[in-house]
Amino acid sequence: MIDYSLLLAVLFGVGSLLILILKFKIQPFIALLISSIIVGVLAGVPPQEIMVTVKNGMGSTLGFVAVVVGLGAMFGAILEHSGGAEALAQYMLNVFGEKKASWALMVTGFLIAIPVFFDVAFIILIPLVYSLQRKTKKSLLLYAIPLLSGLAITHAFIPPTPGPVAVADILNADLGWVILLGIIVGIPTAIISGPLYGKYIASKIFIAAPAAIKKSNLSHFPPISLILVIIGTPILLIVLNTLLNGSINDRFHWSANTIAWVQMFGHPFSALIIANLMAWYFLGIKRGVSKSILSKITTASLAPAGIIILLTGAGGVFKQMLITTGTGEMLANYFSSIGLSPLLFGFLAAATVRILQGSSTVAMITAAGITSSIIITPLNPLQTALIVIAIAAGASILSHVNDSGFWLVSNYLGLSEKDTFRSWSIMTLLLSLTGLAAVFLISLFI
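Using numbering that gives the first Met the number 0, the first residue of the sequence shown is number 0, and each one after it goes up by one.
Watch out, some of these pointers could steer you wrong.
Calculated lysine-lysine pairs in the DSS-like style (CA-CA distance at most 25 Å, straight line) [to be verified]:
1) Lys136 with Lys198
2) Lys203 with Lys134
3) Lys99 with Lys203
4) Lys285 with Lys295
5) Lys198 with Lys417
6) Lys99 with Lys136
7) Lys98 with Lys198
8) Lys198 with Lys137
9) Lys203 with Lys136
Just so you know, these hints were derived from the structure itself, not from any lab.
All chains, full assembly: derive it from the sequences and hints.
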């Protein structure tokens, strides 16, 4: 049974969120808090309980996310400063060869976006795309679209990037399963929206690279094997921890104490601390970077991380308000009665917010808060992780003029608004729908 007063309260709250961000340009963190309070007031929650809900929602969310996002940001900053991203890209190009350079750039983007933010990774790697275009005389889009696809998919689907970390925490999903399923969904999605679509759109739109710039000196870059080990270590530790928590644990004849220690090192906190220490020493100290510079690099990286952390906390407040008002349970019962699965609901909620206000992070966090409140029947860890990926897919859809990524791509590739729509926007649409299709296919087997 639908309580229309509660439903209107939520719709008014979401509407207020969009108006505050789009019309009044209010910072999304404050906008999320205000809209959460509006929902509480309209739903008839006592004033003091509204404030308690804000505190509890913020506190319960940030305990995990703040640590993971902060550690991930510092890790990525050291990797970026060392030139590791460029070294990996050059290595992939050498392995794949010029004819398969688009595939090399897709793989590079897929790996680099794990520790490095999307926009930073794109700016670091775009000179390689320019260089390839000048050499081959083919459209810049043949190489740029696969790179962007790999970056966008990992940024949205695979922890420890902030978006999926935040959604996983709000939904109480196991980070290891999110990583595994994010990779499984991400690979075919990257292939379709990257090299395959890149080849198609490059045949329709020719774009040349800007004037040549000074090339980087590869002799100063760290060895590729070291980069792969440092990036792979936290992921392997987290996945191992997840597997040990499951049925695979029975196949090991380790003592309970040994397994407990392995699981401690496989916790996302420990795994990312280890990765940071490896990066600090092998990419910093051992390569002659002073401790003071390393300290400045890592400290500076926490500024953008802080915004994401606060946004995630505000998303947790929105979620908690829906639980406090009873709206989540009401919506869960309603959507269950009409046969709408949490997977599709999460995707549609994220896609709607993304298209209307532009930010994929705000879309993911808002959708996670709403979706979490409607899950009243316990799900297994894989099902919960799939909902995280579905929300990520929805939040990636149809980047356009209200998304900063649209203008970043347009400016660096020298595209008109029309051609940016035809290339980048359609790529994100294809990425989103392919990701959703893969999620539904996997859901048939779990």
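Consistency of the hints with the structure:
no.: 1; hint: Lys136 with Lys198; result: 14 Å, holds
no.: 2; hint: Lys203 with Lys134; result: 20 Å, holds
no.: 3; hint: Lys99 with Lys203; result: 19 Å, holds
no.: 4; hint: Lys285 with Lys295; result: 17 Å, holds
no.: 5; hint: Lys198 with Lys417; result: 18 Å, holds
no.: 6; hint: Lys99 with Lys136; result: 15 Å, holds
no.: 7; hint: Lys98 with Lys198; result: 12 Å, holds
no.: 8; hint: Lys198 with Lys137; result: 10 Å, holds
no.: 9; hint: Lys203 with Lys136; result: 15 Å, holds
Violation of the numbered hints given earlier is absent; every hint is satisfied by the structure.
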